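We have chain A already, so just place chain B on it with the hints.
Protein chains in written order, with the numbering used here: chain A, 1 to 246; chain B, 1 to 291.
Calculated from the structure, these hints are not laboratory results.
Only a predicted model underlies this, so the values are computations on that prediction, with no experimental measurement involved.
Incorrect hints may appear among the rest.
[Unchecked claim] Coverage of chain B stretches by chain A, computed from C-beta distances (three or more under 8 angstroms per stretch; other residues unrestricted):
{"id": "1", "segment": "31-43"}
{"id": "2", "segment": "48-54"}
{"id": "3", "segment": "107-116"}
{"id": "4", "segment": "192-204"}
{"id": "5", "segment": "226-239"}
{"id": "6", "segment": "244-256"}
{"id": "7", "segment": "266-274"}
[Stated by the list, open to error] Simulated DEER-style distance windows between Cβ atoms:
{"id": "8", "chain 1": "A", "residue 1": "Leu39", "chain 2": "B", "residue 2": "Pro210", "range": "45 to 51 angstroms"}
{"id": "9", "chain 1": "B", "residue 1": "Gly141", "chain 2": "A", "residue 2": "Ile166", "range": "49 to 55 angstroms"}
{"id": "10", "chain 1": "B", "residue 1": "Phe200", "chain 2": "A", "residue 2": "Arg40", "range": "25 to 31 angstroms"}
{"id": "11", "chain 1": "A", "residue 1": "Ala232", "chain 2": "B", "residue 2": "Pro182", "range": "27 to 33 angstroms"}
{"id": "12", "chain 1": "A", "residue 1": "Asp190", "chain 2": "B", "residue 2": "Tyr27", "range": "29 to 35 angstroms"}
[Stated by the list, open to error] From the derived model, a few chain B residues whose C-beta atoms are all more than 12 angstroms from chain A:
{"id": "13", "residue": "Gly57"}
{"id": "14", "residue": "Glu60"}
{"id": "15", "residue": "Leu65"}
{"id": "16", "residue": "Phe72"}
{"id": "17", "residue": "Phe99"}
Backbone N, C-alpha and C define an ideal beta-carbon position, used for all residues, glycine too.
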Amino acid sequence: MAVTSVKSLSETITFPPVWIPETIRFENFTLAWDSGPFLRYFVNSLIVTLSILVLQLFTIVPAAYAFARYRFFADRALFALTMITLMIPTQLIFLPVYLQFSSWGLLDTHLALILPFAANAFAIFMLRQTFKQVPEELLEAARLDQASEWKIMYMIMVPMAKPTIITLLLFSFITHWNDYFWPLVMTTTDASRTLPVGISALTNVEGGVAWHIMMAGNMILVVPILIIFFVAQRHIIRAFVYTGVK
Amino acid sequence: MSRWLERFRPYLMVAPAIIVFVLFFIYPIGYMIYLSFHEWDFISPDKQFVGLDNFAGLSEHPEFLKSLENTFVFTFFSVGITTVLALLLALWINRPTRFYGFVQGAVFSPHIISLVSIAMLWMWLMDPQYGLLNWGLEMFGLPQSQWLASPETALYSIILVAIWKSIGFNTLIIIAGLQSIPPHLYEAAALDQSSRFTSFAKITFPMISPTLFFLIIMNLIGSFQVFETIDIMTQGGPLQSTNTLVYYIYEYGFRFFQLGYASSAGVILLIVLSILTVLYFFLMSKRVHYQ
Chain A
1 MAVTSVKSLS ETITFPPVWI PETIRFENFT LAWDSGPFLR YFVNSLIVTL SILVLQLFTI
61 VPAAYAFARY RFFADRALFA LTMITLMIPT QLIFLPVYLQ FSSWGLLDTH LALILPFAAN
121 AFAIFMLRQT FKQVPEELLE AARLDQASEW KIMYMIMVPM AKPTIITLLL FSFITHWNDY
181 FWPLVMTTTD ASRTLPVGIS ALTNVEGGVA WHIMMAGNMI LVVPILIIFF VAQRHIIRAF
241 VYTGVK
Chain B
1 MSRWLERFRP YLMVAPAIIV FVLFFIYPIG YMIYLSFHEW DFISPDKQFV GLDNFAGLSE
61 HPEFLKSLEN TFVFTFFSVG ITTVLALLLA LWINRPTRFY GFVQGAVFSP HIISLVSIAM
121 LWMWLMDPQY GLLNWGLEMF GLPQSQWLAS PETALYSIIL VAIWKSIGFN TLIIIAGLQS
181 IPPHLYEAAA LDQSSRFTSF AKITFPMISP TLFFLIIMNL IGSFQVFETI DIMTQGGPLQ
241 STNTLVYYIY EYGFRFFQLG YASSAGVILL IVLSILTVLY FFLMSKRVHY Q
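Excised from the complex, chain A in its bound form (with noise of 0.2 angstroms):
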């Protein structure tokens, strides 16, 4: 893929094919990103990717804490309630929320993209597995001196958790950042698509198949991806088993 991204036209087609092209042509990268409004949906992306990260951060830290570490009133039957989201995949719901969003007046905005992912129940049990891990002796000494729940939460708790924390941004990131079905539903506009419903929509440019931009195009969308993982390979690969055996 990378090869073809650097590719000429007639390169790409023909038969048998050229494994290494004669020149290699950066330019088919500003083409495929001249083509449509790609520097739009590149910050679509990255404004719904990192705002369902940071609010992620705000709705499982609590909630994981709550779960771990107190018992209320329908703790239970709250924590089973997250457990069944932790099933209901997007491809189910789709259609109702849509017509959710449709009546708010939300369809094609940032929000209907980022609303429906602001908690996270993988998450949530996750973090509750690795809060319930930490000492309560050392809670017992925070609170001896005096220190306010929230202070504990966000200065022994989030600290010690900290790994986990770090592993669910970058599997939350990975997966919105690729998320094509969501945003396909709803959006309409270029305004608020995101990088994978651009880059598809790539497929039919007129005049028939360009393969060397679609190629090209799909390196902007895979390239920050490559990037994490190679940076943080054994983090995320750890991640994805962990996921898998539980």
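Just chain B now, with coordinates in the frame of chain A:
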């Protein structure tokens, strides 16, 4: 005041997450079930109650039946082949060498790359005229294939992509399972001079079978939701040959505005996924005892 706060603090802490879940996951499921008993075109103000008519209609609707059949064929082959190949691959590369580290990264990378890119890459490989796959087939003197362009091969081409995408992840999970087998079992088997095949059949396979069960169910749940590759590569065609359940819901909901039909199809998907999920939890509780 502070007593009051004390009592309600846990509720305050879980509230934001719970609100999101109820608003965007639990309530929509209820609304979908409600819609499945109604006829509605999205524009008219009233939804007409039609009882089970939508379901009865679906059962006679050739497009729906075709999409159901395709979904089952897709699921059967993609999950079956992925699991077998991943098991073989895991047994082969489960060695602590540098090569293994490289292979681990290589087979895993498709898992984190967007399905959009994967679908487009394979469209190009599968191009009947200029694609690398046909070029390879020709090199080995094999007949070329139409891949996505023919109704006979399109679904299998999509299955091939699904296998390629998920095999690395599956392999890593199985390797994690293999590495948790206590080595003394193999030492005992070696003392008894058992053959490699016997030790696989009597030790390895029983020990990783819980892992395999989980993978299979997770893969089943995942493959019933297949959508992205279909939407980008074939749009359900040619001749409905790659139309699947989720794609059907999408088309009937958003192109034809038959929300009752689409919701009923959604309820059917919900039922399938619920059965699999119950099975998943059942096995999970078993496995806890097992270890």
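Going through the hints against the structure:
| no. | hint | verdict |
| --- | --- | --- |
| 1 | 31-43 | holds (count 4) |
| 2 | 48-54 | violated (count 0) |
| 3 | 107-116 | holds (count 8) |
| 4 | 192-204 | violated (count 0) |
| 5 | 226-239 | holds (count 4) |
| 6 | 244-256 | holds (count 5) |
| 7 | 266-274 | holds (count 4) |
| 8 | Leu39(A) - Pro210(B): 45 to 51 angstroms | 49 angstroms, holds |
| 9 | Gly141(B) - Ile166(A): 49 to 55 angstroms | 52 angstroms, holds |
| 10 | Phe200(B) - Arg40(A): 25 to 31 angstroms | 55 angstroms, violated |
| 11 | Ala232(A) - Pro182(B): 27 to 33 angstroms | 31 angstroms, holds |
| 12 | Asp190(A) - Tyr27(B): 29 to 35 angstroms | 30 angstroms, holds |
| 13 | Gly57 | 17 angstroms, holds |
| 14 | Glu60 | 22 angstroms, holds |
| 15 | Leu65 | 20 angstroms, holds |
| 16 | Phe72 | 16 angstroms, holds |
| 17 | Phe99 | 16 angstroms, holds |
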